[in-house]
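S.K.: Chain residues, written in single-letter form:
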Amino acid sequence: MTISHHPPEDLLADYATGALDEAEQLVVGVHIADCARCSSFVRAIEKLAGASLDAAEPVATAADAFDAVMARIDRRPQAAPRVSEVAAHDPELAGLPEMVKRCKIGKRRRVAPGISMRPILLSGGGKSRAFLLRSEAGARMLEHSHSGNELTCVLKGSFSHLGGYYGPGDFDYGDDEVDHRPVVGDEGPCLCLVAMTGDLRMHGLLGRIISPFVRL
Amino acid sequence: MDWAELIGRVAARGDREAFKALFAHFAPRIKGFLIKTGCNADGAEEIAQSTMVAVWTKAGQFDPSTAGAAAWIFTIARNQRIDAARKASREGRLSQGVVLDEEADPTLAADQIVSRVEDATRVAAAIERLSVEQSTVIRLSFIEERPHSEIAAVLGLPLGTVKSRIRLAMNRLRDLLDDAT
Numbered sequence: 001m002t003i004s005h006h007p008p009e010d011l012l013a014d015y016a017t018g019a020l021d022e023a024e025q026l027v028v029g030v031h032i033a034d035c036a037r038c039s040s041f042v043r044a045i046e047k048l049a050g051a052s053l054d055a056a057e058p059v060a061t062a063a064d065a066f067d068a069v070m071a072r073i074d075r076r077p078q079a080a081p082r083v084s085e086v087a088a089h090d091p092e093l094a095g096l097p098e099m100v101k102r103c104k105i106g107k108r109r110r111v112a113p114g115i116s117m118r119p120i121l122l123s124g125g126g127k128s129r130a131f132l133l134r135s136e137a138g139a140r141m142l143e144h145s146h147s148g149n150e151l152t153c154v155l156k157g158s159f160s161h162l163g164g165y166y167g168p169g170d171f172d173y174g175d176d177e178v179d180h181r182p183v184v185g186d187e188g189p190c191l192c193l194v195a196m197t198g199d200l201r202m203h204g205l206l207g208r209i210i211s212p213f214v215r216l
Numbered sequence: 001m002d003w004a005e006l007i008g009r010v011a012a013r014g015d016r017e018a019f020k021a022l023f024a025h026f027a028p029r030i031k032g033f034l035i036k037t038g039c040n041a042d043g044a045e046e047i048a049q050s051t052m053v054a055v056w057t058k059a060g061q062f063d064p065s066t067a068g069a070a071a072w073i074f075t076i077a078r079n080q081r082i083d084a085a086r087k088a089s090r091e092g093r094l095s096q097g098v099v100l101d102e103e104a105d106p107t108l109a110a111d112q113i114v115s116r117v118e119d120a121t122r123v124a125a126a127i128e129r130l131s132v133e134q135s136t137v138i139r140l141s142f143i144e145e146r147p148h149s150e151i152a153a154v155l156g157l158p159l160g161t162v163k164s165r166i167r168l169a170m171n172r173l174r175d176l177l178d179d180a181t
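As they're listed, the protein sequences go chains A and B. All letters in the first sequence, in the order written, are residues 1 to 216 by my numbering. All letters in the second sequence, in the order written, are residues 1 to 181 by my numbering.
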């Protein structure tokens, strides 16, 4: 697999320092798990952050901090590995990245002809939403732009738009200046992991007519 | 002090003396680092403690050939901090107690820095080649999360210069990592 579209560097740095919103962090994380190049970049920021932590001015911890930590270690049960029960029995999720399978994933919902989505149930503290977007082979998304940011990582299949061809592992970043019309590849359905803030804006007459029915 | 060796002793035989030395060095620095990056003192204390619990329980995952001890501990503290914020928002939503544990949220990447030795060497070499000016803006902007206007004031530079310097530093880091491939 050749990954040719990567997240912008500032997004990778925010990922490394934990500054991203939960949904965004998941999408960037799934790309990084597959991409040695971006993974190196994140490692570099983590290394700089480690040096910064090591050089930080120490602030005394509570007088009983060490004893409290040892007590927590001693009474800690052996952790059982977590496997999402949903993912274990869901054929559509087979073969997806571990990070996705460990999430709680909601029910499928039709969005538009040939397009459906399943929400990823997050903690609810973030400002962006995450979902799996499934588009049938050859489907044409309506021409659209965003009122916020949209981060996409391709999991299966492919799509193309003005920015090029996007296959598994590729990352697409759309902000409120991007106006594009993705076309799904013919090889099969395209499954993407998407984090989105704001709403999609549909263009053209058809878009204006059906926009109220497109619930993304 | 060889922190990696101490982490290895914790992993191999639950060495409490080694852990005590790690705690004495890192716990106050984690707390100081968190306060500097915007945590309140109580939150920083709690995260520093849960980070040290996780250092003990995850010590076996630490690979000294691929990661520095400080970077590894940073990633644990980072994940604990994110996890604490998420638990707080879940609790707020559910209005019922949620058991706090030391396991990080399932959507988080592993604390373990999974990478090959060559990758670690390349990353270290790239960081070495960044200029002080470049590593400084990366630290201020991303690690300490200071607003650009504040960085401009600290460095005595116009805002536009700060923005372009950050961008150049990020591109340079990317190029240095790519070149070494």
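Just to be clear, a hint being listed does not mean it is correct.
[Stated by the list, open to error] Chain A regions said to be covered by chain B (calculated; three or more residues, Cβ under 8 angstroms):
| id | segment |
| --- | --- |
| 1 | 48–54 |
| 2 | 65–75 |
| 3 | 165–172 |
| 4 | 184–197 |
Hint data in this document are derived by calculation from the structure and do not stem from the laboratory. Glycine included, every Cβ here is placed at the ideal spot set by N, Cα and C.
S.K.: Now tell me, hint by hint, if it's right for this structure.
M.R.: Going through the hints against the structure:
1. Three residues within the 8 angstroms Cβ limit are the bar, and the segment 48–54 of chain A against chain B gives 7, so the coverage statement holds.
2. Counting residues of the segment 65–75 of chain A whose C-beta sits closer than 8 angstroms to any C-beta of chain B gives 7, which meets the bar of three, so the coverage hint holds.
3. Residues of the segment 165–172 of chain A lying with their CB closer than 8 angstroms to a CB of chain B number 0, which falls below the three-residue condition for coverage.
4. Here's how the segment 184–197 of chain A fares: 0 of its residues keep a CB closer than 8 angstroms to some CB of chain B, so the rule of at least three is not met and the hint is violated.
Checked against the numbered hints listed earlier, the structure breaks hints 3, 4; every other hint is satisfied.
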